[in-house]
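The chain contents come next:
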Amino acid sequence: MLDFIITPFVNVLLYIYQFLGAGINDFGWAILIFTIAIRLALFPLTRSQLESTKNMQKLNEHPDYIKLQKKRKDGKITQEKFAEEQMALYKELGINPLGSCLPTLLQFPIIIGMYWAVTKALATSPLQLINLIPDINLSNASSLLPLNSQFLWMDLSQPERWYGLSNILPWEFGIPILAILVFVTTYFQTKLTTPPSTGDDQAAAMTKMMSIYMPLLMGWISYTYSAGLAVYFVASNIVSLIQYALMGRLNLSNLVRKKEPAVK
Amino acid sequence: MKKPKYLLFALLLIFVGITFSGCRGTGAVASSWPGITVNGETAYIAFNASIYTIDLTQQGNLKRTAPSNDKDLRGHTFFHPPVILDEETLLVGSYKNSLYKIDSSSGQTTEFFTHARNRWIATPLISDETIYAPNANGTLYALALDGTVKWEFETDAAIWATPVKDNGSLYLVSQDHTMYAVNARTGDQIWAIDLGAASVNSPALDENGILYIGTFGSKVFAIDSKTGESIWEIETQDYVWGSPVLGPDSTLFVTDLSANLYAIDTQAANILWQKQVDTDTSITGSPLLVGEALFVITRSGEISSYSLEGERLWNEEIGNEENPVEFHGTPVLAGEDLILVSAAGSDKLIYAFNTELETQWSFEPGN
Chain A
1 MLDFIITPFV
11 NVLLYIYQFL
21 GAGINDFGWA
31 ILIFTIAIRL
41 ALFPLTRSQL
51 ESTKNMQKLN
61 EHPDYIKLQK
71 KRKDGKITQE
81 KFAEEQMALY
91 KELGINPLGS
101 CLPTLLQFPI
111 IIGMYWAVTK
121 ALATSPLQLI
131 NLIPDINLSN
141 ASSLLPLNSQ
151 FLWMDLSQPE
161 RWYGLSNILP
171 WEFGIPILAI
181 LVFVTTYFQT
191 KLTTPPSTGD
201 DQAAAMTKMM
211 SIYMPLLMGW
221 ISYTYSAGLA
231 VYFVASNIVS
241 LIQYALMGRL
251 NLSNLVRKKE
261 PAVK
Chain B
1 MKKPKYLLFA
11 LLLIFVGITF
21 SGCRGTGAVA
31 SSWPGITVNG
41 ETAYIAFNAS
51 IYTIDLTQQG
61 NLKRTAPSND
71 KDLRGHTFFH
81 PPVILDEETL
91 LVGSYKNSLY
101 KIDSSSGQTT
111 EFFTHARNRW
121 IATPLISDET
131 IYAPNANGTL
141 YALALDGTVK
151 WEFETDAAIW
161 ATPVKDNGSL
171 YLVSQDHTMY
181 AVNARTGDQI
191 WAIDLGAASV
201 NSPALDENGI
211 LYIGTFGSKV
221 FAIDSKTGES
231 IWEIETQDYV
241 WGSPVLGPDS
251 TLFVTDLSAN
261 LYAIDTQAAN
271 ILWQKQVDTD
281 TSITGSPLLV
291 GEALFVITRS
301 GEISSYSLEG
311 ERLWNEEIGN
321 EENPVEFHGT
331 PVLAGEDLIL
341 VSAAGSDKLI
351 YAFNTELETQ
361 WSFEPGN
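Respectively, the protein sequence lines represent chains A and B.
Take the first sequence: its position 36, counting from 1, is numbered 36 in the working numbering, and each next residue is one higher.
Take the second sequence: its position 216, counting from 1, is numbered 216 in the working numbering, and each next residue is one higher.
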């Protein structure tokens with residue numbers, strides 16, 4: 001479905017890999033370089049999304065909007081009337097209601113395409129390699145195959161485990177360092193890039209759920225799938241955090257939030 | 001408050017499921033095609049997490065499925081054809097890095113070798129009470145029949161091809177672009193030759209000690225098995241995936257990923273004839289030589305037979321746009337005239353044809 005994105009991405013990844021020398025560690029660096037490049041290319045969309053989120057927060061705090069919400073809650077206006085007046089308020093404040101979700105929607109296929117490009121390029125089974133070969137548009141493709149999937153201590157085509165403690169421990173135990181890194185960076189990314197709660201209980205609950213389940217889910221995927229994906233997740237999370245930090249949008253209060261006093 | 005929480009979590013799971021299954025209709029995406037081993041009137045089919053035993057005299061009826069015990073092999077993928085260790089035991093390796101022994105009469109499955117940290121894609125070779133098992137970690141393991149390691153031979157990339165053994169030497173092709181000759185008793189390297197590109201097929205060895213191998217560099221090499229020196233090389237139109245097959249009168253038959261079938265005169269080092277079986281498809285297996293006919297299958301679900309002079313004899317197409325079926329690997333001969341073909345992309349794992357390419361039956365695990 002996303003072949004129009006995945007195929008060019010595979011070729012860019014392979015081109016970077018070839019440019020770096022197609023040797024040991026080079027596919028890992030190719031993933032890192034391409035992830036950073038993609039994140040930088042998507043930066044205008046990220047910024048526009050953040051601006052829209054900020055505007056929406058302003059709207060949530062606007063006295064007219066608070067009144068409007070109260071009226072709807074109390075049943076003083078119909079849902080249609082509420083929507084009508086909300087639109088009027090959007091116009092008045094110059095807010096595009098799709099402004100925060102449209103950039104996200106545009107980023108989505110690119111980020112998923114990147115995930116699939118990494119998976120496809122690693123081609124760890126015969127069927128995957130057969131599917132990869134016709135999509136390579138580089139002149140000397142045959143000399144590049146198979147990709148050297150070694151990166152630092154990892155085989156990028158395999159779920160990552162570090163066996164450095166096996167000499168000390170009485171049994172062989174592989175520590176999933178990358179999966180842990182993915183969990184930690186996803187946790188910080190979810191926590192630090194989520195806008196402060198506007199007092200909406202439902203939204204706050206959803207945010208809390210996301211900050212718990214998303215890191216678990218991404219950590220589990222990294223534990224199970226090839227290390228190349230985990231490298232992509234970690235790089236993507238870190239670049240995203242740096243981008244937010246540079247824009248001054250890291251929401252540190254989410255990390256050190258004090259317990260709110262009980263309402264009497 | 002609980003409903004939105006559960007709703008969000010369910011949506012998150014659905015999203016991740018769709019994303020990681022490639023936006024296909026089903027989450028389960030086949031990553032292999034079935035491996036077939038024939039033993040008399042029985043065939044063993046390795047596919048996903050199961051080994052199916054089918055009766056070739058009963059239209060491919062399913063006799064049993066392994067594992068039959070509590071051994072949970074969910075998530076495993078068996079790819080290479082099961083190897084017959086002895087009358088009662090099969091050996092098969094999975095994508096989850098373990099080699100398993102399977103009792104062929106009961107379906108009982110036991111772990112045999114678990115020290116490799118990568119996939120088992122190549123079929124192990126059994127000779128002189130030794131199992132020569134190449135792993136995708138680039139290592140060829142020589143194992144005793146009790147699973148202990150006799151020696152290991154390391155290469156720089158994955159090995160997907162079974163080694164060939166002759167007079168105490170093993171001839172091994174790794175994806176590190178190299179063919180190796182290895183002492184079968186000690187595991188010491190005898191020679192190595194750079195092929196210039198990866199290869200995933202086993203070499204063919206003729207009676208004069210000449211090895212023939214095809215590569216992703218779209219070349220077929222003839223190599224002296226004694227010295228490891230290249231005698232000649234011939235260019236093909238596309239990558240060679242399947243192993244070359246030796247025929248009568250010093251003829252070598254080769255296929256490539258543009259669905260070409262070649263007959264090469266190994267003495268004169270030239271192409272006798274070349275036929276493109278079909279356009280817009282590929283051939284990933286070797287040709288099967290039965291008597292005076294060659295059988296080739298294409299990814300588009302077509303099986304064709306050719307005379308040794310390159311004339312097309314019979315042709316049957318199973319796959320079409322409405323019912324896509326992919327044929328992969330090398331057709332397998334059962335008995336004198338039954339040809340078994342591995343299918344991917346459909347519920348049916350095996351199609352059986354006679355030598356005139358009339359469909360005899362097909363095998364679907366659920367039925």
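Please note that the accuracy of each hint is not assured.
So, partial list: chain B residues that the calculated Cβ filter (under 7 angstroms) puts toward chain A [claimed, not checked]:
| no. | residue |
| --- | --- |
| 1 | 178 |
| 2 | 251 |
| 3 | 345 |
| 4 | 361 |
Keeping only pairs whose Cα atoms sit at most 30 angstroms apart, straight-line, the calculated DSSO-like set for lysine-lysine is [stated by the list, open to error]:
| no. | chain 1 | residue 1 | chain 2 | residue 2 |
| --- | --- | --- | --- | --- |
| 5 | A | 71 | A | 81 |
| 6 | A | 70 | A | 81 |
| 7 | B | 150 | B | 219 |
| 8 | B | 150 | B | 63 |
| 9 | A | 120 | B | 150 |
| 10 | B | 275 | B | 219 |
| 11 | A | 120 | B | 96 |
| 12 | A | 91 | A | 71 |
| 13 | A | 120 | B | 165 |
Derived CB-CB ranges, DEER-like [stated by the list, open to error]:
| no. | chain 1 | residue 1 | chain 2 | residue 2 | range |
| --- | --- | --- | --- | --- | --- |
| 14 | A | 180 | B | 115 | 23 to 33 angstroms |
| 15 | A | 43 | B | 361 | 28 to 38 angstroms |
| 16 | A | 23 | B | 58 | 46 to 56 angstroms |
| 17 | B | 144 | A | 143 | 31 to 41 angstroms |
| 18 | A | 143 | B | 354 | 57 to 67 angstroms |
| 19 | B | 194 | A | 25 | 40 to 50 angstroms |
| 20 | B | 63 | A | 167 | 42 to 52 angstroms |
| 21 | A | 29 | B | 229 | 32 to 42 angstroms |
| 22 | B | 74 | A | 58 | 43 to 53 angstroms |
| 23 | B | 229 | A | 20 | 26 to 36 angstroms |
| 24 | B | 62 | A | 105 | 43 to 53 angstroms |
| 25 | B | 274 | A | 173 | 33 to 43 angstroms |
| 26 | A | 43 | B | 359 | 42 to 52 angstroms |
Don't read these hints as lab results, they were simulated from the structure.
Note that the structure is a prediction, hence the values are computed from the model and not measured.
Virtual Cβ for every residue (Gly too), placed ideally from N, Cα, C.
Hint by hint, which ones does this structure get wrong, listed from lowest number up? Hint check: 1, 2, 3, 4, 7, 8, 9, 13, 15, 18, 19, 25, 26 fail, others pass.
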